[in-house]
Structure formats: structure tokens, C-alpha cells
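Residue numbers (numbering that gives the first Met the number 0), protein chains in the order written: chain A, 0 to 394; chain B, 0 to 394.
Take the hints with a grain of salt, since some may be wrong.
Repeated chains share a single entry, so a pair holds when one copy, or any two copies, can fit it.
[As the list claims (entries may be wrong)] Derived DSS-like pairs (lysine-lysine); straight-line CA-CA distance at most 27 Å:
id, residue 1, residue 2
1, LYS389, LYS246
2, LYS257, LYS241
3, LYS241, LYS389
4, LYS257, LYS115
5, LYS234, LYS92
6, LYS348, LYS241
7, LYS234, LYS115
8, LYS115, LYS186
9, LYS389, LYS348
10, LYS266, LYS348
11, LYS322, LYS186
12, LYS311, LYS348
13, LYS257, LYS322
14, LYS266, LYS311
15, LYS241, LYS92
16, LYS186, LYS92
17, LYS92, LYS115
18, LYS92, LYS348
19, LYS389, LYS311
20, LYS241, LYS115
Since the hints were derived computationally from the structure, they do not count as laboratory data. Keep in mind that this is a model prediction, so the values were computed, not measured.
2 protein chains.
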Amino acid sequence: MPSLSTTSSAFTLLNPPQFSTTPKPLFFPSARPSSFPAQRHHLSMSTPARTPRAVSIEKEVLESERPDTFLRESDGGGNGAVSAGSVRARFEKMIREVQDRVCEAIQEVDGGGSFKEDVWSRPGGGGGISRVLQDGGVFEKAGVNVSVVYGVMPPEAYRAAKASAPDQKPGPVPFFAAGISSVLHPKNPFAPTLHFNYRYFETDAPKDTPGAPRQWWFGGGTDFTPSYIFEEDVKHFHSIQKAACDKFDPTFYPRFKKWCDDYFYIKHRGERRGLGGIFFDDLNDYDQEMLLSFATECANSVIPAYIPIIEKRRDTPFTEQHKAWQQLRRGRYVEFNLVYDRGTTFGLKTGGRIESILVSLPLTARWEYDHVPEEGSEEWKLLDACINPKEWLSE
Amino acid sequence: MPSLSTTSSAFTLLNPPQFSTTPKPLFFPSARPSSFPAQRHHLSMSTPARTPRAVSIEKEVLESERPDTFLRESDGGGNGAVSAGSVRARFEKMIREVQDRVCEAIQEVDGGGSFKEDVWSRPGGGGGISRVLQDGGVFEKAGVNVSVVYGVMPPEAYRAAKASAPDQKPGPVPFFAAGISSVLHPKNPFAPTLHFNYRYFETDAPKDTPGAPRQWWFGGGTDFTPSYIFEEDVKHFHSIQKAACDKFDPTFYPRFKKWCDDYFYIKHRGERRGLGGIFFDDLNDYDQEMLLSFATECANSVIPAYIPIIEKRRDTPFTEQHKAWQQLRRGRYVEFNLVYDRGTTFGLKTGGRIESILVSLPLTARWEYDHVPEEGSEEWKLLDACINPKEWLSE
Numbered sequence: 000m001p002s003l004s005t006t007s008s009a010f011t012l013l014n015p016p017q018f019s020t021t022p023k024p025l026f027f028p029s030a031r032p033s034s035f036p037a038q039r040h041h042l043s044m045s046t047p048a049r050t051p052r053a054v055s056i057e058k059e060v061l062e063s064e065r066p067d068t069f070l071r072e073s074d075g076g077g078n079g080a081v082s083a084g085s086v087r088a089r090f091e092k093m094i095r096e097v098q099d100r101v102c103e104a105i106q107e108v109d110g111g112g113s114f115k116e117d118v119w120s121r122p123g124g125g126g127g128i129s130r131v132l133q134d135g136g137v138f139e140k141a142g143v144n145v146s147v148v149y150g151v152m153p154p155e156a157y158r159a160a161k162a163s164a165p166d167q168k169p170g171p172v173p174f175f176a177a178g179i180s181s182v183l184h185p186k187n188p189f190a191p192t193l194h195f196n197y198r199y200f201e202t203d204a205p206k207d208t209p210g211a212p213r214q215w216w217f218g219g220g221t222d223f224t225p226s227y228i229f230e231e232d233v234k235h236f237h238s239i240q241k242a243a244c245d246k247f248d249p250t251f252y253p254r255f256k257k258w259c260d261d262y263f264y265i266k267h268r269g270e271r272r273g274l275g276g277i278f279f280d281d282l283n284d285y286d287q288e289m290l291l292s293f294a295t296e297c298a299n300s301v302i303p304a305y306i307p308i309i310e311k312r313r314d315t316p317f318t319e320q321h322k323a324w325q326q327l328r329r330g331r332y333v334e335f336n337l338v339y340d341r342g343t344t345f346g347l348k349t350g351g352r353i354e355s356i357l358v359s360l361p362l363t364a365r366w367e368y369d370h371v372p373e374e375g376s377e378e379w380k381l382l383d384a385c386i387n388p389k390e391w392l393s394e
Numbered sequence: 000m001p002s003l004s005t006t007s008s009a010f011t012l013l014n015p016p017q018f019s020t021t022p023k024p025l026f027f028p029s030a031r032p033s034s035f036p037a038q039r040h041h042l043s044m045s046t047p048a049r050t051p052r053a054v055s056i057e058k059e060v061l062e063s064e065r066p067d068t069f070l071r072e073s074d075g076g077g078n079g080a081v082s083a084g085s086v087r088a089r090f091e092k093m094i095r096e097v098q099d100r101v102c103e104a105i106q107e108v109d110g111g112g113s114f115k116e117d118v119w120s121r122p123g124g125g126g127g128i129s130r131v132l133q134d135g136g137v138f139e140k141a142g143v144n145v146s147v148v149y150g151v152m153p154p155e156a157y158r159a160a161k162a163s164a165p166d167q168k169p170g171p172v173p174f175f176a177a178g179i180s181s182v183l184h185p186k187n188p189f190a191p192t193l194h195f196n197y198r199y200f201e202t203d204a205p206k207d208t209p210g211a212p213r214q215w216w217f218g219g220g221t222d223f224t225p226s227y228i229f230e231e232d233v234k235h236f237h238s239i240q241k242a243a244c245d246k247f248d249p250t251f252y253p254r255f256k257k258w259c260d261d262y263f264y265i266k267h268r269g270e271r272r273g274l275g276g277i278f279f280d281d282l283n284d285y286d287q288e289m290l291l292s293f294a295t296e297c298a299n300s301v302i303p304a305y306i307p308i309i310e311k312r313r314d315t316p317f318t319e320q321h322k323a324w325q326q327l328r329r330g331r332y333v334e335f336n337l338v339y340d341r342g343t344t345f346g347l348k349t350g351g352r353i354e355s356i357l358v359s360l361p362l363t364a365r366w367e368y369d370h371v372p373e374e375g376s377e378e379w380k381l382l383d384a385c386i387n388p389k390e391w392l393s394e
């Protein structure tokens, strides 16, 4: 049984981990995505189109308008100004602002495409906003999603619960989770793919154990996946990650850089998915306000870390061979996400919103039998850096 | 711990399940595949090209020539005519003949491409022949592989071992496995993908329990995955499967047809990968000679079941939209193989020969966000048949 924090460690926080033991839907009704208009608060969604007679227990409801908050009223979601300053509320506000800003930046640099938006909610509270730009001017596929989830996890999934006396059977643990997650796949093979994800968890104190402590933790990271190495790009990207980390703790960057290299490891290939960045999980052994600021700083660093690279590389001329190599690396991306990524694999198994989970996959990918780049070639250099992670800032 | 039979239930029998507990290689040295010459018994392999500094414990050795048999001498692999009539020997002979004939038929219908061959062996006995045709005239990627494997499985993996007395600790169980597996992906979106796999297992009696029975079983199947339904093709394909089954037992086709629909299920989509065929596993409750004949009949049915469909559809004109739909269905193929297929997932986790395992993946695949075919369209009909399996021969 995966622990709660690991189940959402990837792209798919918007795919709410569903810890309850009720049967899971295999297929959700799908909506043709509406467009993402300039006047964003008045979306009109088209009628959901159903796929033929699939299993369909409706867990999520598609909404025609974005609510101001997905928080429950008891969390300050109504007019409850009392809790408006809570970490939950401030984290939601932060990720929604980051979603807006990143989408605007991507749309601007893309030049042609626009984001389509799906808004969904759950009857008991929580919901999310999925935005996808597909086949744009610069981006092949760009997904930026936020979600707010209320759920119940079985006690086995909650590591803190393990501290309870062995003869005392702990009950299910209610939890709250909010996060932003995004994968941006550009078309040009010299422009790197970016992934980022920042999330915040809280557990409620179980009603029957009023003395139990409430737990919270943060997780997230930003990593990038070029098909070709431009050292100035890699150094730029990593230096922005380091700067964000260094504002809070000088140990963060080296620790989270290594964590990232370790996490995005395609074991059967002996390769990392890309050239890393930062990754952390279960972070709660610092001041909560400090970590909220840290997550905010990291999320706000996405645009300066990424957009200048895209501006520089989006129009670089390329050959069919460059494109084929990018497509092979996209295949590796698919392998990592479907085989190893904990959020994706858990989401698939537990009936999350499939389209939101798999929006992380590239539009297109390629697998050639036994492709080995020529030693010393640019393709070989990238592969070498994926096999042997480098310290980009210390060289 | 998966049982032995399930670990090799898919494409990847040539990727020997490795049950020993020694460290597994993460990366095998790769060879640039040599061509598949007319004079097949004198292959010259080029020098293996290494990827940069990867983990490399060499388990398999690339061979420059195909041996007459991969059996150990004690199995009749040398000049041991004694065992030449054993089921092991006859099964190996059968699958190698089928490999030759299928490759010839594919190469002929392809018109342009030719198979590249990799031959490998293990120091302790066993080995395999991988053949791949890539980017041919008709086929995008076609892999036809045979393997013969000697291994040792932990007692937990061997279901028959469970019958032993609970206080008696069973030792590791030596086993033998041989099989053919193949995935054929044509280019034309109206020409279906085919997968087939036939395998035979035996366990040796452990030395310390001489009275223990030696176990054997058969597994396999043939299934196909069109992107568009031509009912005459589906009926032709299934009727050949049924005819092969009916020669042996009237219950086989309905049982193995359902088993196939159940096995190739993409749970997170609520869809089957394709339009089925037959699938069976752990088959040993019939006469061994009868099952050897049955597996032979099924393997021999691949060409008449598939080639006429390819001849009919390979040149059908198509649009970009047809191609995009095929690519989306290829994406589903990737999802099934990487997320659910027991042979693939086990092979990836235990360090099988990666290139052989993943040759089952299509050359190219596609993922669009929230793609829903228009109700009543040809794409919708295919999806409907993948969600609701049909009895093609009783309608």
C-alpha cells in the first residue's frame, strides 16, 4: 500500500488519489473541452459526450464555471473569512495564480494555440481546473492543472498512523490535498520538455481519536527534459532552481537535485528521464510558513527558468533526424510515466480522471528497435548525461 | 511474487524470466543488428556498440551464428539423439520453424523491408533469436522472436510447490521454458496489428526431493488489434482461431476467446486493447501430446489468419485522420503493454533484454487530450467493440 505522500508525487495531483474503498469508476463521462476564453470566468461547456456504454459511476461533475475556491465552506470556502488565512486557502490561491500566469506565459510564447479548460468538482467538496493547449504554434501539448481534493485514506496508507499502539485499530484518516501539476511538451526538438508539480497535504484528526496530531506536508519539484544539451540552457535552468532553494536553505538544492535524479530514473534503461532539476516529498520538518513560501518561490520560478529557453530554441532549424531523436526520448518519457511514476501508476489503478492523468504523455512518441546513438554524437551526449547525472553548476 | 506461468504470458518469453536472486543487469551491451541474409546460417554480427558507461553485467552473449538447438546437451542438444523426441526438443523445433515461416511470409507481403536478426545465448544453456523488420514497405515494425530458457525459480513462484508439506521448506525449482512471440504493426491504418505467443514450460524435479512430480504446461494465444472494423476481416480472423481450437476440443474457442477478452483489458480505460482472438495459460489438464499438437496448430494458423487481411488492406487509401486514429490506438497498445502486460512489466522489473521486451511497442504512437470519437462514426464503432466485446462468429 503506497503511503499517501508518494501517491501524489507526480503530475497527477489533480487526479485525486482515491483512498476510500468504494468501487472505482473505470470510465468517466468525457466532455469535449470548451475553449479557454479571454473572459475566463464565464466558460460555457459543451454537453458531455459519452463513450459507448462504459462503466460509469460519476464521481466528478463537470462545471460550467470556475468557482472562486474549491474549499469546503468549513475551510473558509463560503464567506468564511475566518479560515481565509489558513494554509489550505493560501496554497489554493497560490496554485491558481500560478496556473493563470503559466498559462498566459505559455500562450504568449506559443503564438498560435490556446488553452482549453475543463472545470470539475466533487459533490462533497473539492475540484479542479484542467487546462490543455494542444498542437499550438510552439507546443505540441501543454497541460497545466490544479486540484483540491478531500478524501479518506485507509490507515495503512498514512504513515503517521503507524505510531499508534499496535492493539489499537486506527480508523480511516480524512485528508486534504491541493496541488498544481504541469507538463509542457514543445514541438522543436531543441526546446526541452518541462514538468513541475507542487502540492500540499493535511490530515484531519480522526473524530474518534481527538488527541491525534494533525499532520501536514509539502511536496513537489521542477525538472526538465531536453533531447539535446545546450549547456547554457541547462545551467540557466538549474541555477534558477538553486537560487529558489538557496533563499531558504543552502542544503535544499544539493539534496533536492539528487532526489530528482533518483526519482526520475527509468530503471530498466539505466537512464534518467531527463536532466533533472529539483524534487522533494514529505517535507514537514521545517516551519510551515517557510515551506509555504518555499513552494511558492519554486512555483514562481517556473516562468523565468523555462520561458527564456523556449524563446531561444522554439525556432531553431532542425532535421528529420533531430525530430526522430526527440520522438525516441518522448518514448522514454512515456515509459517513465506509465511504468514508474507513482502518481500516474496509482492514479490509473485507483480510477482517477484518466484524461487528466495521461495529459502528461506527449502528443507523439517513437520506439525504434535497439537504437544506439553514435559514440560522441549529440544524441550520445544527451544519453550519457541521462545515464550519468552531472553537477551542472559546479563544472 | 508472480507465478511462473504469468511471468511469461505475453510477448516477452524471449526475455527470459530471471528468478535467481543475483543482481540483475540494468543495461545490456547492444549490438547493431546485422541483416537477415538469405543464407541464414552464416550471419556476421558487427561489433557490439556500448552505450556510455552503463551498468553492464553481461548475462547474455551475442552470437554470430544460430546454433541448431539452444537445448543443453543433456536435453539432446548435442548429438543426444536419445532426447530428440522429447517435448522440449519438438517444441523448440516447432517454434523455430514457425519463426522462419512467419518471417518469410511477412517479408514477402512487405515487399520492401527485411528482418534484422540478433542471436544470443546464455553460458549455462539456452538462448534466443530476435528478428525485427522496421520501417518496411507495409510494416512499421514487425518482431518475431524465439527463446529457450533454463532458469531457477524460487519455490514461492512455483504453484505446484505449494502442495508440499508446510513444515518442509522447498528448495529452488529448476525450470525450462521455450516460446515464440511476435508483434506485427503495419503502417496502413486499415491493416490490423497482430500479436501471437506460444510457450511451453517444464520444471525439473528438485534433486533433494526425487519423488516430486515434474510439471509441465502450455500457454499462448493469437489476438489482433485493428483501428477500423471490417467485419469480414474480424470474422475471418476469429473463424481461423475457432477452427484451430475445434480440431481439439469444442470448449476451447469459447473459453479461450473469453480469456483473451479478459486478459487484454486496459482497466483504466474500460477498454480491451483490440478485438481479441484466443488466449490460454497454465494448460496441463489434457494429454501432453494433444496440447503440443494444439499449440502447433495455433502457431501454424497465424499465417492463414493474418496474411490475407494484410494483402487486402495494405494499399487501402487513407487520410491523415485515419492515420491519427490508428496512432491513438497505438497509444492504447503502449498503455496496455507498459501498464498491464504481465510479461512486459515483469521483464522490465527483472532485467530481461530490454530491446527484445520493448520491440512489442509500435514505432510511433499518439496521445490526444480527451479525444472522443463522434457517436456512430467508424472510430466510435471500434471503440464500442473494444469496450463491449462481441461474439463475432455467432452474429
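These are the hints, each one checked on the structure:
1. LYS389 with LYS246: Answer is within: at 23 Å inside a copy they meet the 27 Å cutoff, but 61 Å across does not.
2. LYS257 with LYS241: So LYS257 and LYS241 pass the 27 Å test inside one copy only (12 Å; across, 55 Å).
3. LYS241 with LYS389: within (15 Å within a copy, 57 Å between copies)
4. LYS257 with LYS115: neither (35 Å within a copy, 40 Å between copies)
5. LYS234 with LYS92: neither (31 Å within a copy, 57 Å between copies)
6. LYS348 with LYS241: neither (35 Å within a copy, 33 Å between copies)
7. LYS234 with LYS115: neither (33 Å within a copy, 41 Å between copies)
8. LYS115 with LYS186: within (18 Å within a copy, 31 Å between copies)
9. LYS389 with LYS348: Result: close only across copies, 26 Å inter versus 34 Å intra.
10. LYS266 with LYS348: Intra 21 Å, inter 8 Å, cutoff 27 Å: intra and inter.
11. LYS322 with LYS186: both (9 Å within a copy, 19 Å between copies)
12. LYS311 with LYS348: So LYS311 and LYS348 fail the 27 Å test inside a copy (40 Å) and across (39 Å) alike.
13. LYS257 with LYS322: neither (29 Å within a copy, 41 Å between copies)
14. LYS266 with LYS311: neither (32 Å within a copy, 42 Å between copies)
15. LYS241 with LYS92: within (25 Å within a copy, 60 Å between copies)
16. LYS186 with LYS92: Neither: 31 Å inside a chain and 48 Å across chains, both beyond 27 Å.
17. LYS92 with LYS115: Cα proximity of LYS92 and LYS115: one copy only (21 Å, versus 57 Å across).
18. LYS92 with LYS348: neither (30 Å within a copy, 41 Å between copies)
19. LYS389 with LYS311: within (23 Å within a copy, 53 Å between copies)
20. LYS241 with LYS115: Result: close neither inside a copy nor across copies, 33 Å intra and 47 Å inter.
Hints 4, 5, 6, 7, 12, 13, 14, 16, 18, 20 from the earlier list are contradicted by this structure; the remaining hints agree with it.
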